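Trainee: In case you want the letters, here they are:
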Amino acid sequence: MADGTSRHEWPGASLARVPYWVYQDEANYRAELRRIFEGPVWNYACLESDLPKAGDYRTTFLGEMPIVVVRGAQGEIHAFENRCAHRGALIALDDSGSTGSHFQCIYHAWTYDLAGSLVGIAFEKGSNGKGGMPASFCKADHGPRKLRTTVLAGLVFATLSPDTPPIEEYLGDEVLGRLRRVLHKEARVMGRFTQALPNNWKLYVENVKDTYHASLLHAFFGTFRITRLTQGGGIMVSPDGGHHASYTIQRADDASSTAYRDQGIRSEHQNYRLADPSLLDAVNEFGDDIQLQILTVFPNFVLQQIHNSLAVRQVQPKGPGAMELHWTYLGFADDDADMQRRRMKQSNLVGPAGYVSMEDGCVGGFVQRGVAAAGDEVSVVNMGGEGAESQETRATEASVRGFWKAYRRYMED
Amino acid sequence: MLAERVSQLNAEYARAIDDDRLESWPDFFTDPCLYKITSADNYRRGLPAGLVYADSRGMLKDRVTALREANIYERQAYRHLVGLPAIRAGAADTVHAETPFLVVRVMRDGSMDLFATGRYVDTMVDEGGTLRFRERLVVCDSSRVDTLLAIPL
Numbered sequence: 001m002a003d004g005t006s007r008h009e010w011p012g013a014s015l016a017r018v019p020y021w022v023y024q025d026e027a028n029y030r031a032e033l034r035r036i037f038e039g040p041v042w043n044y045a046c047l048e049s050d051l052p053k054a055g056d057y058r059t060t061f062l063g064e065m066p067i068v069v070v071r072g073a074q075g076e077i078h079a080f081e082n083r084c085a086h087r088g089a090l091i092a093l094d095d096s097g098s099t100g101s102h103f104q105c106i107y108h109a110w111t112y113d114l115a116g117s118l119v120g121i122a123f124e125k126g127s128n129g130k131g132g133m134p135a136s137f138c139k140a141d142h143g144p145r146k147l148r149t150t151v152l153a154g155l156v157f158a159t160l161s162p163d164t165p166p167i168e169e170y171l172g173d174e175v176l177g178r179l180r181r182v183l184h185k186e187a188r189v190m191g192r193f194t195q196a197l198p199n200n201w202k203l204y205v206e207n208v209k210d211t212y213h214a215s216l217l218h219a220f221f222g223t224f225r226i227t228r229l230t231q232g233g234g235i236m237v238s239p240d241g242g243h244h245a246s247y248t249i250q251r252a253d254d255a256s257s258t259a260y261r262d263q264g265i266r267s268e269h270q271n272y273r274l275a276d277p278s279l280l281d282a283v284n285e286f287g288d289d290i291q292l293q294i295l296t297v298f299p300n301f302v303l304q305q306i307h308n309s310l311a312v313r314q315v316q317p318k319g320p321g322a323m324e325l326h327w328t329y330l331g332f333a334d335d336d337a338d339m340q341r342r343r344m345k346q347s348n349l350v351g352p353a354g355y356v357s358m359e360d361g362c363v364g365g366f367v368q369r370g371v372a373a374a375g376d377e378v379s380v381v382n383m384g385g386e387g388a389e390s391q392e393t394r395a396t397e398a399s400v401r402g403f404w405k406a407y408r409r410y411m412e413d
Numbered sequence: 414m415l416a417e418r419v420s421q422l423n424a425e426y427a428r429a430i431d432d433d434r435l436e437s438w439p440d441f442f443t444d445p446c447l448y449k450i451t452s453a454d455n456y457r458r459g460l461p462a463g464l465v466y467a468d469s470r471g472m473l474k475d476r477v478t479a480l481r482e483a484n485i486y487e488r489q490a491y492r493h494l495v496g497l498p499a500i501r502a503g504a505a506d507t508v509h510a511e512t513p514f515l516v517v518r519v520m521r522d523g524s525m526d527l528f529a530t531g532r533y534v535d536t537m538v539d540e541g542g543t544l545r546f547r548e549r550l551v552v553c554d555s556s557r558v559d560t561l562l563a564i565p566l
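Line by line, the protein sequences give chains V and Y. At position 291 of the first sequence (counting the first as 1) the number is 291 in the numbering used here, and the numbers step up by one without a gap. At position 110 of the second sequence (counting the first as 1) the number is 523 in the numbering used here, and the numbers step up by one without a gap.
Quick caveat, the hints were computed from the structure, so don't treat them as lab data. Being a predicted model, the structure only gives us computed values, none of them experimental. We put the CB at the ideal spot given by N, CA and C, even for glycine. Hints should not be assumed to be uniformly reliable.
Computed footprint of chain V on chain Y, listed as stretches where at least three residues anywhere in the stretch have a Cβ under 8 Å from a Cβ of chain V [what the hints assert, rightly or not]:
no.	region
1	453-461
2	477-490
3	545-559
Required output: the full structure, derived from the provided sequences and hints.
Mentor: Put into structure tokens, the structure is as follows:
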């Protein structure tokens, strides 16, 4: 690697071969935190609606860096490292809250304004003329690192780098359009859950981008024709490769397809029918017959629309072999009671207990364990060729290759 | 006597799951019903979504069929320890109870982990001499789930 932190080399330029050490190597993982999560990328941080008024905050992570995201007095959104400038303690301890006009570190009561600037030091002048900070100490020169934030369709993203391009440019027009398609009005949180996954964070991101696996691993999908490779649909990959949107469109002739049965694929169960089909009583709320859309923003964000089940998922790395996935289930602020019930029923499809997602919770761990002794071997990512361009099929791994195209650029620059 | 009936119902419910007799699990509920797995944090905030959400016996049956026929997960089993119910009688034949539980998950490789703790927030009714859950909210103390949640709590 360029910074000499690892003895590992990529096996060649092809995006269709990925060496397994990328999921295992500690030094490579540390480099990812610096070069990717703390680098020139937009990390999803929280919803704008999490911060309705000045002083409202959420704590989250930029890779492993703890950060605070907070609404400022003028309505602006600040983000800064959740680390006191004095001894490094966390400044904010809760997942969310409202702090008024200041944060105060509990350790020695150093205080920060909503922008994360150090504004107060307890006993700065000492006590009875003794002690205190040196007169030369300048508070403005000390403070947690500040991040830039941007808001897109109600989502707050943060970056530590001054070089990250504007979010619209970062995403590209195609993926931007797919994101705005779903988040086109004010969202409302319906629930939050965290899933601890026993695998490297990249295995999950690849899984989300991998349209090839969806109807093969997830038998529930195939059986109820929620998505089939034989349905209409495709993938869009951003020019830099890092972001994607995949989608399926209902096609009238799908019911007559025998492609799965002909290949003897496990996910075909002709006799499996729901006792209560109200689970899939979906409405075409976006008016475009797209039943399912999965979208990623490099490196840590997923937006999911599966029928009327909407969620954002935030990927948090926790070392080379572990990660957490933070689910926020969404509806819209103007949902009526029927729509809310419909979304709750369809949320059975997703999350840690989801009919079409519980396998994603374990399959990354199966890879992590399967490749335990195979750091110098490679995986094959060849469906749909070698490139990372948008394709009008879902029987492709183009968006997985797109991930590696972006990943290698950040890591090898 | 009511406390005894509720405790017996809880014990039978736990046995059905832990003995892998999931096909009998829907019979513990009325039809319609409400079964929801959520977290204490979501419950406190009034956030309605659940990890599992079923409002009919049919949806509970579908959950079992999916686990048997469609979903993929490593072989695992639960051991429920269910505490004493705090009971208050409601209107007519309705009983409300809140009961703490603890679930150990045993994986095929022998590893055992404390998978979930929480409380059942229940509404029960007597249906022809059989006590059933009209509503069972499984309120987990933690919002974090390890790997996946397949078998019901």
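Trainee: Next step is simple, just say for each hint if it's right about the structure.
Mentor: Hint check results:
{"no.": "1", "hint": "453-461", "verdict": "holds (count 4)"}
{"no.": "2", "hint": "477-490", "verdict": "holds (count 8)"}
{"no.": "3", "hint": "545-559", "verdict": "holds (count 4)"}
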